Amino acid sequence: MEYHTKRLTMQNIADMAGVDKAVVSKVVNNAKIIPASREKVERVREIIRNYHYTPFSAAQSLATKRTRQIAFLLSEASEALFANPAFSLMLTGAVRACQQFHYQCQVDICDFMNIHDFIVPENLRNRSIDGCILAGALYDDALSKIAEIRMPAVVLGGQNIRQKVPIISRDSLKENGIFLDYVLSKGHTRIWVAGISTNSKHDFKVLQASRPQMDIRLLDGPHPDEIVYAYHWAKQFLALPPDKRPTLIFGADQFCCVMARELDKHGISCPEKISFMSFSDTEMAACYNPALTVYAERHFDVGFCGARVLIEMIEKNLSLEESIRLANREIMTSNLIERDSVKNLKMEGKKA
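Sequential numbering of the sequence shown, starting at 11, is according to this note's numbering.
No wet-lab data here; the hints were simulated from the structure.
All of these numbers come straight from a predicted model, not from anything done at the bench.
Ideal Cβ placement from N, Cα and C applies to all residues, glycine included.
Check the hints yourself; a few may be wrong.
[To be verified] Pair by pair, the computed Cβ-Cβ distance ranges are: (1) Ser207 x Asn338: 40 to 48 Å; (2) Gln114 x Arg221: 22 to 30 Å; (3) Ala301 x Gln246: 23 to 31 Å; (4) Ala301 x Arg55: 45 to 53 Å; (5) Gly197 x Ser329: 25 to 33 Å; (6) Lys254 x Lys211: 15 to 23 Å.
[What the hints assert, rightly or not] Within a straight-line C-alpha distance of at most 30 Å, the following computed BS3-like cross-link-like pairs (lysine-lysine) qualify: (7) Lys353 x Lys215; (8) Lys31 x Lys353; (9) Lys215 x Lys174; (10) Lys211 x Lys196; (11) Lys211 x Lys326.
All chains, full assembly: derive it from the sequences and hints.
Here you go:
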């Protein structure tokens, strides 16, 4: 008997393998105890593989009491999901992990910043998802609100809450220290750092204390419009005497590209007279002329790892403490890609 993939049912598989339908159900749902011989179980699995069988989600939900759906919730203005490359890469990574582990990923945008106006998304209230990934700016009160729903959740970023909830994050103090040591190795001691998080601002203040030779200015931000933000600081740069200007500026891809272009109009070209580095590894950074050197968090990997950890929490029904320990084993790192936008001032000194 031949079966078309789209029409294949558990009963079809049971008939082909010579087992009861209940055995097929247990194999599909990875039950620990399956009332059949090892040979029969392997035959069922072989048929599933050969026919690329995927169970109907509704039937599987009844069997496992799970929907095999998770939510990616972004705490930002609605356009930020698409405008900010970090979040779009995190989402792409999360979706890829869901595909690998046979889950579906819903996307929603929630205002976690104003706890008084906070509304738990309907799909969370109705428990039509098994867990959620939270990305973007989050306050502790918002996390408490999510905790009231009592479902597995993973936060992307937020090193300061590592012992309270499962988070996927880098060691920002260590990673920012690596960035500073890199620019120092190129002879840059006066730098501007733009558009970073509150946590990173704290890190840079701590790190500068151990690098007294550096003059680090932390620009206000992040700004909702990187282009406006860049024009503003280009004017501030041009208003300074040449000996007070930074030699290197570190910021988002849009900020760096717009500011570099604006300064170039005034005869200050990159990298001859000003160096730029970006913390966003995007096509814009790679294709700009000159191509931007980046020291960027691997945002795709963050999203993929977050979804993978969340799915493991769901599948193993881990407690909060077990979930935190699982997430804490996943420390993300940044990626240095050297291109053409950073001048080696030490080499220039040797030539002189």
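Check: Would you say the C-beta atoms of Gln114 and Arg221 sit inside 22 to 30 Å of each other?
Finding: violated (47 Å)
Margin query: Tell me if the straight-line CA distance from Lys211 to Lys326 falls inside 30 Å.
Written below: Judged against 30 Å, a Cα distance of about 37 Å means the pair is violated.
Checklist line | Distance restraint between Lys353 and Lys215, which requires alpha-carbon spacing of 30 Å or less | finding: holds (25 Å)
Notebook entry, point to check: Does the hinted range 23 to 31 Å hold for Ala301 and Gln246 at CB?
Noted result: holds (25 Å)
Checklist line | CB-CB spacing for Arg55 and Ala301 relative to the 45 to 53 Å hint | finding: holds (48 Å)
Notebook entry, point to check: Taking only the CA atoms, is the gap from Lys31 to Lys353 under or equal to 30 Å?
Noted result: Given pair Lys31, Lys353 is violated - Cα atoms ~68 Å apart, limit 30 Å.
Checklist line | Hint consistency between Lys211 and Lys196 [alpha-carbon to alpha-carbon, up to 30 Å] | finding: holds (22 Å)
Check: Would you say the C-beta atoms of Gly197 and Ser329 sit inside 25 to 33 Å of each other?
Finding: violated (51 Å)
Check: Taking the CB of Ser207 and the CB of Asn338, does the distance hold inside 40 to 48 Å?
Finding: violated (20 Å)
Notebook entry, point to check: Are Lys215 and Lys174 close enough, with their CA atoms no more than 30 Å apart?
Noted result: OK: Lys215 and Lys174 at ~25 Å, within 30 Å.
Next item on the list: For Lys254 and Lys211, compare the CB-CB distance with the range 15 to 23 Å and indicate the outcome.
Entry: holds (21 Å)
When held up to the earlier numbered hints, the structure conflicts with 1, 2, 5, 8, 11 and fits the remainder.
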